[in-house]
Structures are given as structure tokens and as C-alpha cells.
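K.L.:
Input sequences plus hints: build the corresponding full structure.
Read top to bottom, the protein sequences are chains Z and C. If you're matching positions, the first sequence starts at 10 in my numbering and goes up one per residue. If you're matching positions, the second sequence starts at 10 in my numbering and goes up one per residue.
Possibly wrong hints are sitting among the right ones.
Note that identical chains are pooled: a pair holds if it fits in a single copy or bridges any two copies.
As the list claims (entries may be wrong) - Simulated pairs of lysine-lysine, DSSO-like, Cα-Cα distance not exceeding 30 Å:
#1 Lys239 to Lys75
#2 Lys33 to Lys239
#3 Lys164 to Lys282
#4 Lys60 to Lys239
#5 Lys60 to Lys33
#6 Lys60 to Lys282
#7 Lys164 to Lys239
#8 Lys75 to Lys173
#9 Lys230 to Lys33
#10 Lys75 to Lys261
#11 Lys173 to Lys33
#12 Lys230 to Lys60
#13 Lys33 to Lys261
Calculated from the structure, these hints are not laboratory results. Being a predicted model, the structure only gives us computed values, none of them experimental.
Below, each chain spelled out in residue letters.
Number of protein chains: 2
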Amino acid sequence: MNQDFPIPTAHTVADLRAIVSGWKAAGETVGFVPTMGALHAGHVSLIDIAKTRATKTVASVFVNPKQFAPGEDFGAYPRTLPDDARKLAEAGCDLLYAPNGPEMYPDGFASTIHVGGPSEGLETDFRSHFFDGVATVVTKLFTQVRPDIAVFGEKDYQQLLVVKRLAADLDLGVEIIPGPVMREADGLAMSSRNVYLSVEDRVRAVRLNALLFACAEALEKGELIAATLKTARMVAESAFDMVDYVEVRCAKTLAPLPGPVLDRPARLLAAVKLGTTRLIDNVAANPA
Amino acid sequence: MNQDFPIPTAHTVADLRAIVSGWKAAGETVGFVPTMGALHAGHVSLIDIAKTRATKTVASVFVNPKQFAPGEDFGAYPRTLPDDARKLAEAGCDLLYAPNGPEMYPDGFASTIHVGGPSEGLETDFRSHFFDGVATVVTKLFTQVRPDIAVFGEKDYQQLLVVKRLAADLDLGVEIIPGPVMREADGLAMSSRNVYLSVEDRVRAVRLNALLFACAEALEKGELIAATLKTARMVAESAFDMVDYVEVRCAKTLAPLPGPVLDRPARLLAAVKLGTTRLIDNVAANPA
Chain Z
10 MNQDFPIPTA HTVADLRAIV SGWKAAGETV GFVPTMGALH AGHVSLIDIA KTRATKTVAS
70 VFVNPKQFAP GEDFGAYPRT LPDDARKLAE AGCDLLYAPN GPEMYPDGFA STIHVGGPSE
130 GLETDFRSHF FDGVATVVTK LFTQVRPDIA VFGEKDYQQL LVVKRLAADL DLGVEIIPGP
190 VMREADGLAM SSRNVYLSVE DRVRAVRLNA LLFACAEALE KGELIAATLK TARMVAESAF
250 DMVDYVEVRC AKTLAPLPGP VLDRPARLLA AVKLGTTRLI DNVAANPA
Chain C
10 MNQDFPIPTA HTVADLRAIV SGWKAAGETV GFVPTMGALH AGHVSLIDIA KTRATKTVAS
70 VFVNPKQFAP GEDFGAYPRT LPDDARKLAE AGCDLLYAPN GPEMYPDGFA STIHVGGPSE
130 GLETDFRSHF FDGVATVVTK LFTQVRPDIA VFGEKDYQQL LVVKRLAADL DLGVEIIPGP
190 VMREADGLAM SSRNVYLSVE DRVRAVRLNA LLFACAEALE KGELIAATLK TARMVAESAF
250 DMVDYVEVRC AKTLAPLPGP VLDRPARLLA AVKLGTTRLI DNVAANPA
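P.N.:
Here is the structure:
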């Protein structure tokens, strides 16, 4: 227990389990929100959801090295633990779990979890290591915390589906609850990485969500998928410094849509770069 | 619950968890012995060990397709569930968990667990899929049963170390207890696959343990490792139809030994074929 924080804080699995076991013995249910810290209103919205689904809420803050590739922003990723602790306390979270690196990955650690299915394509085409890193740390966090439910944001939509698949496949006994994307006043999806944006890039960034919402509207009106995506990619190429993907996929499986027009609940997903900052976003598109 | 068996039997995760949760609520501890059925005295010895370590004992019987490659003996593997149930009842096991294939691997199942470290070399050089299949099913069985301890036989020595690594890496909360190799009167290690042996091959099979014990004795007397293994491989080549490996490794890590003679607790491990039947065995070798 860390007494310096405004919220009960565990840094080890042993401390964590002692607290959670006590809760369970007292008949409490446990909601869990895993984060990499640098908390913003999007994270707080996930805490709010967890509080409606369980009687006790745990948030973890751990910048997971296994989901960063060499050359990505593991070193630069914002680390703001005292500020995170304060935000979690204000949100009414009951416990902060902030393990250190060796607690999660001690010497000799040798296990990796791969989830196929929804991990195929999209992010994996550009960050091939990413979902193995996510699946491995999420499994560990689940077996450490042993929550009844866990809340994952739709901001990372593919991750949400991968975690759902993982939890079902490995019988982790955790129900996965989605949290809607939280957006700034101009529509930019909240992200801990938004702090990387220069003033100019922050202005340009709004075009990402504008483009996705416009595409969704077009598809919902019955426009052809191929033509709509072609136009969207042209617009994105001119607006941003790099376009990894602009795609529409089945909302449930992330499989490509079979027909020429929207015929089922779908998701428009995009990843682009502004300077060296990579942004992802997604919006729903549902047939009329 | 299956009323036809002489032991309480669960075929689904839901039935299993209902029983185990009831035990835990009553303060019982749970020991677990995962098997592929075709039970023999080796398995019964693992049940006996579990009973000394926990107040309730669960055994699973599941022939795991993910640890067989195409062309291996998944279809031919002996399936003797009623007989297994009787043996478990006689051994004083409290619950048989016998899931069916779709209960373990439903449509859309997409997750695989890979454990590096002790899985490298030996069996993996000849059955590259094997330990991923084992790690995936053992994780599922652990998250389904939620035991306090689990007993694994030293007969599958590399598997024992892989499972220890897995349980620690994924914080599965299960202590792994080893059970010594059980042998027939002539020293052949008990195995469900021994039933495949022809009468002639059953006679020849005794040479495997004889060779390993002779090697261990030579190494314990200070003989050179390289020369001892060279001789052992020659003997094995003449005795068996195929020799996958005869190796000596560190008993704790399965790393190759660095020196010319035995300088730490080690394990002699071998895999050979008699006709189409593949046998593995291992014995301890400890420096004087």
C-alpha cells in the first residue's frame, strides 16, 4: 500500500490480491479498468461505467513494454502517476494497481499469448507485435485482479474485440463491457497521445473524426463502399502526413463486408500520422 | 452431472465451477490432475499426491487436439472414459471433469499460448506444435477449475517445466507439484501409449530406461558428458527404430550443461521410436 497517494494503491500482486480477496469474501463484485496512465476524461468515463456494473472498482496503470515495438514511443509515453492517482480518487475508484516492470515481467518470463480472429489486419498490418503484447498483459492483469467485469474503450475498437475473444477463449471469467469513444469539443477522440501534437497538428487532427463521420453518413445513405473508401483515402492522404488505413468492417467480427453497400452494423476505422504522432479513431455505421 | 459414472462428473465449465465454488465457499482447497485419460498407475500416483496437498481433488480427462499434429495419433489415442471414471473413484478423487471438444474449443476460438524458455529444443525439435497446445489447454483447465495446486508427472519432464513457467508467467495462482515417474516391474516408464507396443516391441522397450539409468550412473561417476552421450546414442540407434534425441540437461532450466562433466543436478532425457510408437523417458543424474 502506498500511503502517499490519495487512493489506496497496490504495487505488487500480493498486496492487490489481499485487498480484492477481502472484498470478495465480503460479497463485493469487482469492476476493472486497465490503463497505461496519462488519464483523461475518456478513462474517467470507463471508471464511471465500471461503478455501475460492480460494487468495487480497480484501475491499473502500467505502461506495458510488450505492446511497443523498438522505435515506437515506449520511452516517451507520458507517465503521470501522482496525477492519475488524484483523478482516480476523484472519480471514486476504490483501488489503484500500479505494478512495476519486474513485478509484471520478472527475469525468465517467457510466455506470449496470440489471439487470431479479430486481430487480423488493420492495426496488426502496421504494429505486428501489438495485440500479442496486449493479450499477454491483459491476461496477466485479469489473473492478478480477478475482476467480474472489465471496461475497455471503443476508441481502441479492434483491441476491444481482441480482448473479448481472449476472455472467452481462455475462460477468464471476466465480462468485457465496451465504453463509447469520448471526444473533445471539436470531435477529436480523446487519447493520451494527443499531447504529442503540435499546435498546428492539433488543428489538423480534427479532420480525422470529421472524415469518418462523413463516410459513415454516406454509407448509411446507401453509397457504394468502394467509392466511398476511395474518396476517403484521397481526402486523408491530402490532410495527413501518412495514412495507414481507412477501412470499413463488420462491427462484430471486423471481417470485411461482403456486399457493395452497407448491409450490417459496421465500423469505419482509420489510422493516420500527423508528424510523428499516430492517431487512430473509429465510428459506427449502421444500415438504415 | 453425469449420474452413470461412479464419481461425480462435470462435462461443462458451468457444472464444474458450481461444484468447485461450493467447495471453496466451504473452505476446501482444490488439487487438480489434468490427464488425457487412458489412466494407469502413474496417473493414480498423481491423484494420491494431490490428496496430500489439498482437501478436494479434481481430475480432468480431455484428449486435447491442439497438442497433436496432423499424422500423429489423435484419432488412435485410447479413449476409456468409463474405465477412467472407475479408477478415479477407487483412487478417492472427488470430481471428474470431462469436457467435450466444443466446450473447450468453440467455433471462433482463436487464442494460442506460447511459452519459450524450457520449451526450446528436445520435444519441440520433433513436435513443434506440442507445447503451444499444452500451454493453451493447461491455461484453460486452470482458469476453468481454479485449483490451488496441480500435479504433473516427471515422466513428461519438459512439459512439467513448461507448465511451471506458464503458471508463474501468467499469475495463474496454481502451485505446480511434480510427481515421480512410475515404472513397470522391468523399469519401463508407464505411459498410455505403451498399449500401442507389439509383444516384441514391449520386450525391446525396456532398453530405454536401462540405457538412461546406465548413462546417469556413468555421469554421476564423473564420466565425460560428450563421450557418454555419444555411446548412449550409438546404443539407442542399434536398439530402436528411430532415435529423436538422447540428451543431458540442467534439471532446473533444461539448458545444456556448460562443462565437460556433471556439475549440477541434471536430467537425462530421451525420445525414441519402436515401430510407429514413440516413447519418451527421463531420469535424474546428480553430481556426487
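K.L.:
Using 30 Å as the alpha carbon limit, work out where Lys230 and Lys33 are close: within a copy, between copies, both or neither.
P.N.:
Neither. Shortest intra-copy (50 Å) and inter-copy (56 Å) distances fail the 30 Å Cα cut-off.
K.L.:
At most 30 Å between C-alpha atoms: does Lys230 with Lys60 qualify within a copy, between copies, both, or neither?
P.N.:
neither (37 Å within a copy, 66 Å between copies)
K.L.:
Is the C-alpha distance from Lys75 to Lys173 at most 30 Å within one copy, between copies, in both cases, or in neither?
P.N.:
For Lys75 and Lys173, both the intra-copy (19 Å) and inter-copy (21 Å) Cα distances are at most 30 Å.
K.L.:
Checking Lys60 and Lys282: alpha-carbon separation at most 30 Å within a copy, between copies, both or neither?
P.N.:
The answer is neither: 35 Å in one copy and 59 Å across copies each exceed 30 Å.
K.L.:
Regarding Lys75 and Lys261, is the shortest C-alpha distance of 30 Å or less found within a copy, between copies, in both, or in neither?
P.N.:
Close inside one copy (26 Å) and across copies (26 Å); limit 30 Å.
K.L.:
As a check of your reading, is Lys33 near Lys239 (CA-CA no more than 30 Å) within one copy, between copies, both or neither?
P.N.:
Neither way: Lys33 and Lys239 sit 53 Å apart in one copy and 58 Å across, limit 30 Å.
K.L.:
Tell me, please, which holds for Lys239 and Lys75 at an alpha-carbon limit of 30 Å: within, between, both or neither?
P.N.:
Neither: 34 Å inside a copy, 42 Å across copies.
K.L.:
One pair to classify: Lys164 and Lys282, alpha carbons no more than 30 Å apart. Within, between, both, or neither?
P.N.:
For Lys164 and Lys282, the Cα distance is within 30 Å only inside one copy (16 Å; across copies 54 Å).
K.L.:
Using 30 Å as the alpha-carbon threshold, which applies to Lys173 and Lys33: within, between, both, or neither?
P.N.:
both (23 Å within a copy, 27 Å between copies)
K.L.:
Is it within, between, both or neither when you check Lys33 against Lys261 at 30 Å Cα-Cα?
P.N.:
neither (33 Å within a copy, 36 Å between copies)
K.L.:
When no copy is specified for Lys60 and Lys239, does a C-alpha distance of 30 Å or less occur within a copy, between copies, both, or neither?
P.N.:
Result: close neither inside a copy nor across copies, 42 Å intra and 65 Å inter.
K.L.:
When no copy is named, should Lys60 and Lys33 be tagged within, between, both, or neither for a Cα gap of at most 30 Å?
P.N.:
Classified as both; 16 Å inside a copy, 27 Å across copies.
Hints 1, 2, 4, 6, 9, 12, 13 from the earlier list are contradicted by this structure; the remaining hints agree with it.
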